[in-house]
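Student: Single-letter residue listing:
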Amino acid sequence: MNALSRRRFLKISAASVVAAGVAGRMAGALNSAATREAKGVRQVPTFCDICFWKCGAIASVRDGQLWKIEGNPADPLCRGRLCPRGTGGIGAHTDPDRLRAPLIRTHERGEEKWQEVTWDEALEYIAGRMKRIAAEHGPESMAAFAHGIGGTFLKHTLKAYGAVNFAAPSFAQCRGPRDVGFKLTFGDDVGSPERTDIENTDCLVLLGSHLGENMHNTQVQEFATAVGRGASLIVVDPRFSVAASKAKFYLPIKPGTDLALLLAWMHVIVTEKLYDADYVAKYGFGFEQFAASLAGYTPEWAFVETGIEPDTIRATAREMARHRPATLVHPGRHVNWNGDDAQRSRAIALLNALLGSWGRKGGFYQPSSMDIPAYPYPRYPKAARPTLDNPGRKYPFAHEAISTGIREATISGKPYPIKGWLVYATNLLNALPNQEETIRAIKQLDLLVVVDVIPSEIAGWADVVLPESVYLERFDDLNPEYFKQPFLALRQPVVESPHDQKPNWWIAKKLAEKLGLGAFYPWKDIEEYLEHRVTAAGLSYAELKQKGIIRGQPQPLYFEDGAPAEFDTPSKKIEFYSLQLEKAGFDPVPRYTPPAAGPAGSFRLLFGRAPMHSFSRTQSNRLLTDLMDENAVWLNHTAATRLGLKSGDYVRLRNQDGVVSNRVKVKATERIRPDCVYLVHGFGHTARSLRHAYGKGASDAQLVTRYRTDPLMGGTGMNVNFVTLEPEA
Amino acid sequence: MARYIMVIDTRRCVGCMDCVVACKTENNIPEGYTRDWITETVRGKFPTTSLEIRTERCNHCANPPCVSCCPTGASHVHERGGVVLVNKEECIGCKACLAACPYDARYIHPDGYADKCTFCIHRVEKGQLPACVSVCPTRCMHFGDADDPSSEVSQLLASRPQHTLLPEAGTKPRIYYLT
Amino acid sequence: MIEFTNHRHNPLVDPAVHVWGWEIPVYLFLGGLVAGLMIIAGVRLLIMRPNARQALVCCTIGPLAGLVLLSLGMLALFLDLSHKFHVWRLYLAFEPTSPMSWGAWILLFVYPALLANALAHLPEAIPALAKRVPVLVTISDYILSRPRLVLGTGLANITIGVALGLYTGILLGTMGARPLWNSAVLGPLFLFSGLSTAAALLHGILVLTARDDELPEFADFLLSMVARWSGARPLDTRIAPTLAQADNSFLTIELGLLGLLLIGHLTSTAVHQEAAGLLLNGPYAAVFWVFVIGLGILIPLFLQHLELLHRIRHTIAPSLLVLCGGLVLRFVLVAAGQASHWSAALP
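Residue numbers (this note's numbering), protein chains in the order written: chain A, 32 to 760; chain B, 531 to 709; chain C, 9 to 355.
No lab work stands behind these hints: they were computed from the structure.
Where hints are given, some of them may not hold.
Once the Cα atoms are required to be at most 25 angstroms apart in a straight line, the calculated BS3-like pairs of lysine-lysine come out as [as the list claims (entries may be wrong)]:
| # | chain 1 | residue 1 | chain 2 | residue 2 |
| --- | --- | --- | --- | --- |
| 1 | A | 304 | A | 392 |
| 2 | A | 445 | A | 413 |
| 3 | B | 618 | A | 677 |
| 4 | A | 545 | A | 555 |
| 5 | B | 618 | C | 92 |
| 6 | A | 696 | A | 677 |
| 7 | A | 285 | B | 575 |
| 8 | A | 533 | A | 576 |
| 9 | A | 279 | B | 575 |
| 10 | A | 696 | B | 618 |
| 11 | A | 614 | A | 604 |
| 12 | A | 186 | A | 555 |
| 13 | A | 186 | A | 696 |
| 14 | A | 604 | A | 304 |
| 15 | A | 190 | A | 392 |
Far from chain C by the CB rule (all over 10 angstroms, computed), these chain A residues [what the hints assert, rightly or not]:
| # | residue |
| --- | --- |
| 16 | 325 |
| 17 | 343 |
| 18 | 478 |
| 19 | 701 |
Built from N, CA and C at the ideal position, the CB exists for glycine as well.
Please model the entire structure based on the sequences and the hints provided.
Tutor: The following block contains the structure:
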């Protein structure tokens, strides 16, 4: 299903773009950009690629060297200020451990022994293998995992080739459950960037979400605005996060029991009649049945499950209700925790529905985007076989491809074999749970191609590694952002690639030509493609190149402003009670099951983010490692003392299946519950070519050997692993 | 007569270290060195804890011990704004200023001279803000003239509780933390 | 309970300030030693009796040794600089608030003062050299024939010696950021420590070079000084080197000053108490009590006392102990001082 079709595109004519108000704002942005130009300094607008937020950036080049990167003031996402990773993006360009030339492996997969080859040799090799796969098994046996905007051209080539299995880990391993939970309730997903109106909220509820350490720029900026405005903050987290330190109410919840708390909150709000009755009556379906099902979820019951005092549960529920509809229960982002995550996310959606925040100021707004026509390509070939990530719709409510489903099919060969993987910009060994299964799948392949910027762990297992230019060195597809303020952004090169790296569009085009699919690339170079699309939208390519961003006409954000109150659900209303869930054999209203306990004496392994790192892709960026070079295992101070540990000691983590991590520093702190430990994700690299990052800190991904699959949508809940700590011998 | 100060809202600061990396790129600070940094102070026992996050740097003190101890005058107070600067040509690298600073704000640059935060005076004199202030995504940092009662920093100091670092050391620091 | 995390990691500064290594303690020791030599030589020059040969040790060998030792000290200082090629900038400026600037200029004047003092009696002290280099005799005669010049040289040596001995202590003492050093006592402490090491050095040279039948007659002047301070008993004209007596007086004063330093800190703020604790019962306690107090002051004090009571022979032991003690004192103070900090008070 086309992921874009569920969005409501609002057609914006070229004339409306140059509306007076917009022009005024544009002039301001232009002037400020002009004043910042100094002698001998060249400034180029582009957008960042360290994470997936795509903040507009302006890079400064002085004397031929990249000097600094600042936010583009015209960009509605970053409003002129980048996050530390964006500011440190220069480190991606200067990284001494970057991939430099195409590589073909000379020994067994995973041994990281390579031969440098020319692009022609590498692409010839890939095309040859792909043709063989198509001949022996059919083009559907070639799958692609791609994450980020740079994957579009590679996917285009593969679609032209006849591939049908495409996935990004972001669905089944990250935000998928919350999008499904919200879709089941409101008929639409949460989106990225999230459609959360944090800057206008009067009461923000975060469950596990650690904004401030999770550095999605706009979210953190708006979070700070809300804090500065004195908005009431309720944070639910087993760890006293930075966000928790700013909270009016901090609830140190037992991990895995958040659904119990949500149900109790809803119980209080319904029984005390604190919900937005008009909103519920106008937009809701199945409220009575929903309300009835909440009967047993009293705060006293929830206290036993969660450890949160009943009075606190009541007080926070009332606090939320007091500020409605400008109360935002944040849906989170990485929500693959326990295996019941879609239902938990649905509970969050239901709580927001009770408070009437969907479509209201301070809650959830209606995003919009500019309509930029696609490039007119020939039709893709018709697929002989269907996608196999979710055979028989085993996970009936998955509306995006399930990456772990493709992996499973690769291992089993059912319903048909997958013989080739193209992996773009995603370190699958760290992204997918249970590394051993990923390796097992890789061993089934005839071809593993990895396109990356650094020699990541997945690149270490590839047959062919293709070095991509970093974002500062390349053009990419256009970004017509779907956001509060619609805009179009351009990525363009600021400096040249230092070695033999190439941009993804060039790789995709050349590969297509080698596969005899040149017809699918009618444009000669990327600017021809970009200019065609921009002009077709009625905009000026020259203006876009100069400013980096062209803003569209803002659209109504809230129901009260005229945003359509439409819900793409079976009942066309907000589904408090879901018949489609019932029909599929699932709970129509979320039901709580306690999490399974771990072995005695062990700690539940939790993981999260640090603001200066992105996934496992920044640990060789020298500017960013200067801020944080290794992670530490957070351990409650009392628990640490009992184990004879103190901050600075080095330990290894051993999980329930005997997997032992790399040595990692202990952080003995009062900021975490005694029954769990916490690691920042992305460290503990095992790829030897990542010389600077190798062996620093521990890898949580390595320790996630067990996961619980969400029956609704195939998401892999990963917070189900337990570790013990062993002092480093 | 201008007197430059910084006012930092610790309520909004999340300790993301954007200020650290912006300073690094703006001022070409070598790897392994930093002119500004984040500190975290945790009090209490779980779950009743509090956390103050601060972004710290040279305080450009009004009574700077690093200036009075310098034998060559390399460490000096700028003619405008009271900013404490180091003339690297005059610095002999004796490190007295490093020992004299109670905030340990200075370091010896690999090229041999003493170095530290300059309040980005090269930007300020062009009408821009210091790099750290202009990058901060939570907009918790403010820079301005304390001698101007209508400036943002003056108004913030007049309206919010605040503290400086080690006031008892007698250095009269110019960075104020709003709590 | 406070958990404090600082994410700064600057070399030489984190986790603890350590900007001065061995170079500075070595210079402080040599500087103090030379200051003591200058003062003793200066006094001796002023009260010199024409026939007192042993006085030459103080007057000539002392300053000559001083010239060499001070040059070694300044070499150590130069090695410590991290911006060495800019060292000449020290002599383009005079910063009145900077004890180091004072020191740079004082050191400049130390050389001519030492040289003049040494040249005054050089031919008497080292006749062989005077025979080879006749101009030395000319210079010596020139100086000695002008009483005003002799007076000036003597006073200059004393004044500059006192300045040299004091300023390093003042330099450290005015660093408010390092609580262990921050005391007005540090200046006098370094001065008297310097005097005690100088007296020990000269005493040691005498013990090594003395012929058994020679009387160290120069002992008189030191006796008269000590007599003034301590109201001592009548002169012992035997080979009781009053140098040892003087050394004991200096050591006693030094001990007293160390005591005052610590008392001052222990009765001051929390960070000062913590700083004193570094020496008294902290990481530097063993070195401080054993090497500085025990072996560096108390034992030589006791040994020299016994020597003066003629219970034991004069040996080189007390001299070596005092010299080592003085060196270790500088090392401990420089290291512990950098470890002491106000950050302990950061909330």
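Student: Are the hints correct? Go through all of them and say.
Tutor: Results for each hint:
For a cut-off of 25 angstroms, the pair hint linking residue 304(A) to residue 392(A) stands: about 22 angstroms separates their Cα positions. With a C-alpha separation of about 21 angstroms, the suggested pair residue 445(A) and residue 413(A) falls inside the 25 angstroms cut-off, and the hint holds. With a CA separation close to 42 angstroms, the supplied pair residue 618(B) and residue 677(A) exceeds the 25 angstroms bound. Between residue 545(A) and residue 555(A) the CA atoms are separated by roughly 15 angstroms; this keeps the pair inside 25 angstroms, and the hint holds.
Between the alpha carbons of residue 618(B) and residue 92(C) the distance comes to roughly 12 angstroms, so the proposed pair stays at or under 25 angstroms and holds. Under the criterion of a C-alpha separation no larger than 25 angstroms, the hint pairing residue 696(A) with residue 677(A) is consistent with the structure, at around 10 angstroms. In summary, the hint linking residue 285(A) to residue 575(B) is supported, as the alpha carbons are separated by about 17 angstroms, within the 25 angstroms threshold. Between residue 533(A) and residue 576(A) the alpha-carbon distance is near 21 angstroms, which keeps this suggested pair within the 25 angstroms criterion.
A C-alpha spacing of about 17 angstroms is found between residue 279(A) and residue 575(B), which places the hinted pair at or below 25 angstroms, so the restraint holds. A hinted pair counts as satisfied when its Cα atoms are at most 25 angstroms apart, and residue 696(A) with residue 618(B) does not qualify at roughly 38 angstroms. Our distance criterion of 25 angstroms between C-alpha atoms is met by residue 614(A) and residue 604(A), whose separation comes to about 18 angstroms. Of the pairs offered as hints, the one joining residue 186(A) and residue 555(A) holds, with about 18 angstroms between alpha carbons and a cut-off of 25 angstroms not exceeded.
As the CA atoms of residue 186(A) and residue 696(A) are separated by approximately 41 angstroms, the hinted pair breaks the 25 angstroms bound. The straight-line distance between the Cα atoms of residue 604(A) and residue 304(A) is roughly 21 angstroms, inside the 25 angstroms bound, and the hint therefore holds. Only pairs whose Cα atoms come within 25 angstroms are accepted, and residue 190(A) paired with residue 392(A) is rejected, the gap being roughly 41 angstroms. At roughly 40 angstroms from the closest C-beta of chain C, the C-beta of residue 325(A) stays outside 10 angstroms, upholding its exclusion from the interface.
With a minimum CB-CB distance of about 23 angstroms to chain C, residue 343(A) clears the 10 angstroms threshold, and the non-interface call stands. Chain C leaves residue 478(A) outside its interface by the beta-carbon criterion, the shortest separation being 44 angstroms against a cut-off of 10 angstroms. Residue placement check: residue 701(A) does not keep its beta carbon more than 10 angstroms from all beta carbons of chain C (closest about 7 angstroms).
Against the hints set out earlier in the document, violations occur for numbers 3, 10, 13, 15, 19.
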